[in-house]
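Engineer: Here is how the chains run, residue by residue.
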Amino acid sequence: MSAASVIADWSAPNQERARRLLETYPEERSAVMPLLYLASLEHGYLTSAGMTQVAQLTGLTSAQVQSVASFYTMFKRDHVGRYLISVCTSISCYLLGADDVLAAVETETTARDGTTSVDGAFTVEHVECIGACGGAPAVQVNYELVEGVLPEKATALCKWLRETSPDVVMTDAMQKSFGGVRSFDWGIGEEQGAVAPVPAFGPYGSTGGESAR
Amino acid sequence: MSFPLILTERMTAHPADSHRLDRYEATGGYETLREALGAMKPEDILEQVKAANIQGRGGAAFPAGIKWGFLAPAEPRYLVINGDESEPGTFKDRQLLERDPHQLLEGAILTSFCIGANHAFIYIRGEYPKPARRVQQAVEAAYAKGYLGQNILGSGFDLDVTVHLGGGAYICGEETALLNSLEGQRGEPRLKPPFPAVEGLYAKPTIVNNVETISNIPWIVANGGDAYAAIGDVDSVGTRMFSLSGHLKKPGNYEVPMGLTWRELIYEVGGGIRDDRELKCWVPGGASAPWFVAEHLDTKVTKDDCARAGSMLGSGAVIVMDDTTNVVAAAHRIVKFFAHESCGQCTPCREGTTWLERILWRLLNGAGRPSDIDLLLDICDGISPGLAWPPRMTTICPLGPSAVSPITSIMTHFRDEVEAMIPGLQEVAHA
Numbered sequence: 000m001s002a003a004s005v006i007a008d009w010s011a012p013n014q015e016r017a018r019r020l021l022e023t024y025p026e027e028r029s030a031v032m033p034l035l036y037l038a039s040l041e042h043g044y045l046t047s048a049g050m051t052q053v054a055q056l057t058g059l060t061s062a063q064v065q066s067v068a069s070f071y072t073m074f075k076r077d078h079v080g081r082y083l084i085s086v087c088t089s090i091s092c093y094l095l096g097a098d099d100v101l102a103a104v105e106t107e108t109t110a111r112d113g114t115t116s117v118d119g120a121f122t123v124e125h126v127e128c129i130g131a132c133g134g135a136p137a138v139q140v141n142y143e144l145v146e147g148v149l150p151e152k153a154t155a156l157c158k159w160l161r162e163t164s165p166d167v168v169m170t171d172a173m174q175k176s177f178g179g180v181r182s183f184d185w186g187i188g189e190e191q192g193a194v195a196p197v198p199a200f201g202p203y204g205s206t207g208g209e210s211a212r
Numbered sequence: 000m001s002f003p004l005i006l007t008e009r010m011t012a013h014p015a016d017s018h019r020l021d022r023y024e025a026t027g028g029y030e031t032l033r034e035a036l037g038a039m040k041p042e043d044i045l046e047q048v049k050a051a052n053i054q055g056r057g058g059a060a061f062p063a064g065i066k067w068g069f070l071a072p073a074e075p076r077y078l079v080i081n082g083d084e085s086e087p088g089t090f091k092d093r094q095l096l097e098r099d100p101h102q103l104l105e106g107a108i109l110t111s112f113c114i115g116a117n118h119a120f121i122y123i124r125g126e127y128p129k130p131a132r133r134v135q136q137a138v139e140a141a142y143a144k145g146y147l148g149q150n151i152l153g154s155g156f157d158l159d160v161t162v163h164l165g166g167g168a169y170i171c172g173e174e175t176a177l178l179n180s181l182e183g184q185r186g187e188p189r190l191k192p193p194f195p196a197v198e199g200l201y202a203k204p205t206i207v208n209n210v211e212t213i214s215n216i217p218w219i220v221a222n223g224g225d226a227y228a229a230i231g232d233v234d235s236v237g238t239r240m241f242s243l244s245g246h247l248k249k250p251g252n253y254e255v256p257m258g259l260t261w262r263e264l265i266y267e268v269g270g271g272i273r274d275d276r277e278l279k280c281w282v283p284g285g286a287s288a289p290w291f292v293a294e295h296l297d298t299k300v301t302k303d304d305c306a307r308a309g310s311m312l313g314s315g316a317v318i319v320m321d322d323t324t325n326v327v328a329a330a331h332r333i334v335k336f337f338a339h340e341s342c343g344q345c346t347p348c349r350e351g352t353t354w355l356e357r358i359l360w361r362l363l364n365g366a367g368r369p370s371d372i373d374l375l376l377d378i379c380d381g382i383s384p385g386l387a388w389p390p391r392m393t394t395i396c397p398l399g400p401s402a403v404s405p406i407t408s409i410m411t412h413f414r415d416e417v418e419a420m421i422p423g424l425q426e427v428a429h430a
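Just so you know, the protein sequences line up as chains B and X, in that order. Sequence positions in the first sequence follow numbering that gives the first Met the number 0 and run 0 to 212. Sequence positions in the second sequence follow numbering that gives the first Met the number 0 and run 0 to 430.
Be aware that one or more of the hints could be misleading.
[Stated by the list, open to error] Label-pair ranges, simulated between beta-carbon atoms:
#1 Gly385(X) to Ala2(B): 34 to 40 angstroms
#2 Ala229(X) to Ser47(B): 55 to 61 angstroms
#3 Thr106(B) to Gly115(X): 54 to 60 angstroms
#4 His42(B) to Gly423(X): 52 to 58 angstroms
#5 Ala387(X) to Gly119(B): 48 to 54 angstroms
#6 Ile187(B) to Lys248(X): 26 to 32 angstroms
#7 Ala48(B) to Pro369(X): 50 to 56 angstroms
#8 Arg111(B) to Gly155(X): 35 to 41 angstroms
#9 Ala73(X) to Gly58(B): 23 to 29 angstroms
[As the list claims (entries may be wrong)] In silico BS3-like cross-links for lysine-lysine, where the CA-CA straight-line distance does not exceed 25 angstroms:
#10 Lys49(X) to Lys302(X)
#11 Lys152(B) to Lys249(X)
#12 Lys175(B) to Lys249(X)
#13 Lys248(X) to Lys175(B)
#14 Lys152(B) to Lys49(X)
What the hints contain is simulated information worked out from the structure, not anything from laboratory work. Quick reminder that beta carbons are idealized off the backbone N, C-alpha and C, glycines included.
Please construct the entire structure, taking both the sequences and the accompanying hints into account.
Structural biologist: Listed below in structure tokens is the structure:
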């Protein structure tokens, strides 16, 4: 089956991205993880159909692709809310009160750790170290980072997401409004961010905002 | 204290826009590449990197020049840059990726030229989308200016660079797990040998180096290996990025020369303990490292001095805990991390880390049993026989033994506090 017919239901730009990703690597199998992100973006999360498409694109079996997808925590094989709130509870964030941040997020979103709120707005998860230890406690929204988030700021962040329902969540904008101490000087900001609970990266089609190409 | 800066000079002098190509070029960027491609042979670069004696900055501290020298003659060859920074407490590569991506790229091009690679991969953890965007922008800008692609700067040397995102798995920071992941497989470590320099990506000769290691290469090539080796301490040369976190007044990344004491690093560089409280202990080199206590404050911050004191510099992550810390709870957090991140291949690690976490959890919840201390140490011994340092291995990679470190640390330094958490234990002991 040709690549084009396998992913005929994907958006034209994402079909083009898939084609380029398959050409980028010396062996097509290396494109599996990038394609799993693209499939997640297309279907809202990583569906069985999405994994089968990725298998057909890379010449693997569906079982092989599922075995890869299930190894990594960032490939969500079940429904995810519009905003994925990841609260770091590893050692450095723990020492500075991360458990209280998680509790505040659970309360405000009505989603317990590991679940999705009834309205589908939020999925909440605790995560292992996200490399923001100098700016602990840290939170990510659709993998966009906010550092120095105290419980009351975490509550305000979730409220803001519900009330304004932004199409693109941007790390620099959120840091300005809800963040505190940072791991380092971020310098000038970028007006880019995530359009879905998938890491926002141009070649994977998940970046939104100004100069998103 | 003020120190000469190698890695962070540009971002310190130009904090707003150190990531941009125009700033990079205006501050001497890509000049080293231009000169090297015109005047140097690959073996000249190797000679400088060997003379620099830079130890890999990912955690294992293996000398980069020696690693490059192991490269098998087969072709094609690959350079893979490890940006899967996931060791709890570590956030230095995030800053180097985000704030000076062209420095990394220039290092990648020089290294690829040296080892004869025409395709380099930068594997960045999936939780770092902004650093990945910054590096991708830098790659695109470098292609546009002829620093990447075909016939770079008219030298006849070709190089493509691909930025690849991980999927949220700490174990992919282990170099062979990273290669499996980059091949589109589960990120499970491979048995070594063969080492990646002989059979790496697609079973071809591959050099895997950390982001910080490669970011040092432009300076080393520009100033010479001897100049680099003159910085720092005799057994650990150069500067190093330390990620300071926990109960400190001034957490953050600091580039300092090797060979300070821990007292200087914690109290001067890190500003001391928050609210001027007492220091209780610290993790000296990422969550895998055995902890240090006050008696180690005058130990030097070098690879060998830390090894002699029973720990390691690892990834350069220093996690400081003050006297308010429940050390059993802190150890539990670290063990929980390893239990979550165990890839599951090796039984001692998969089962052992899980049981260690459960037993610590019941201690924390008042349900500890008098036999639990021996049981914890017995499980640790099953993962890493003899509880020695450096650890003996029953597993393919060091993840399992890493989970042993926090437990031996609290048993060595805070056994009273562990015993106090177990109902009835101290009464029995003192009866």
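Engineer: Holds or violated: the 35 to 41 angstroms window for the beta-carbon distance between Arg111(B) and Gly155(X)?
Structural biologist: Given a distance of about 60 angstroms, which is not inside 35 to 41 angstroms, the answer is violated.
Engineer: Taking 25 angstroms as the top limit, are the C-alpha atoms of Lys248(X) and Lys175(B) close enough?
Structural biologist: At roughly 22 angstroms apart (the allowed maximum being 25 angstroms), Lys175(B) and Lys248(X) satisfy the hint.
Engineer: Taking only the CA atoms, is the gap from Lys152(B) to Lys249(X) under or equal to 25 angstroms?
Structural biologist: With Cα atoms ~21 angstroms apart, Lys152(B) and Lys249(X) stay inside 25 angstroms; holds.
Engineer: Is it true that Gly385(X) and Ala2(B) lie within 34 to 40 angstroms of each other by Cβ?
Structural biologist: 54 angstroms, violated
Engineer: For the range 55 to 61 angstroms, tell me whether the beta carbons of Ala229(X) and Ser47(B) fit it or not.
Structural biologist: Hint holds: Cβ distance 59 angstroms, inside 55 to 61 angstroms.
Engineer: Please test the hint of 26 to 32 angstroms on the beta carbon pair from Ile187(B) and Lys248(X).
Structural biologist: Since Ile187(B) and Lys248(X) have Cβ atoms about 27 angstroms apart, the given range 26 to 32 angstroms holds.
Engineer: Can the restraint linking Lys152(B) and Lys49(X) be considered satisfied, given a maximum Cα separation of 25 angstroms?
Structural biologist: Between Lys152(B) and Lys49(X) the Cα gap is close to 49 angstroms, so the pair fails against 25 angstroms, i.e. violated.
Engineer: Straight-line Cα separation of Lys49(X) and Lys302(X) no greater than 25 angstroms?
Structural biologist: Since the Cα atoms of Lys49(X) and Lys302(X) sit roughly 18 angstroms apart, the hinted pair holds (cutoff 25 angstroms).
Engineer: Does the Cβ pair Ala73(X), Gly58(B) satisfy 23 to 29 angstroms?
Structural biologist: 25 angstroms, holds
Engineer: With 52 to 58 angstroms as the target window, see if His42(B) and Gly423(X) comply at their CB atoms.
Structural biologist: 55 angstroms, holds
Engineer: Starting from the range 54 to 60 angstroms, see whether the pair Thr106(B) and Gly115(X) falls in it by beta-carbon distance.
Structural biologist: 57 angstroms, holds
Engineer: Is it true that the C-beta distance of Ala48(B) to Pro369(X) lies inside 50 to 56 angstroms, as the hint says?
Structural biologist: 54 angstroms, holds
Going down the numbered hints, you'll see the structure goes against 1, 8 and 14, while the others check out.
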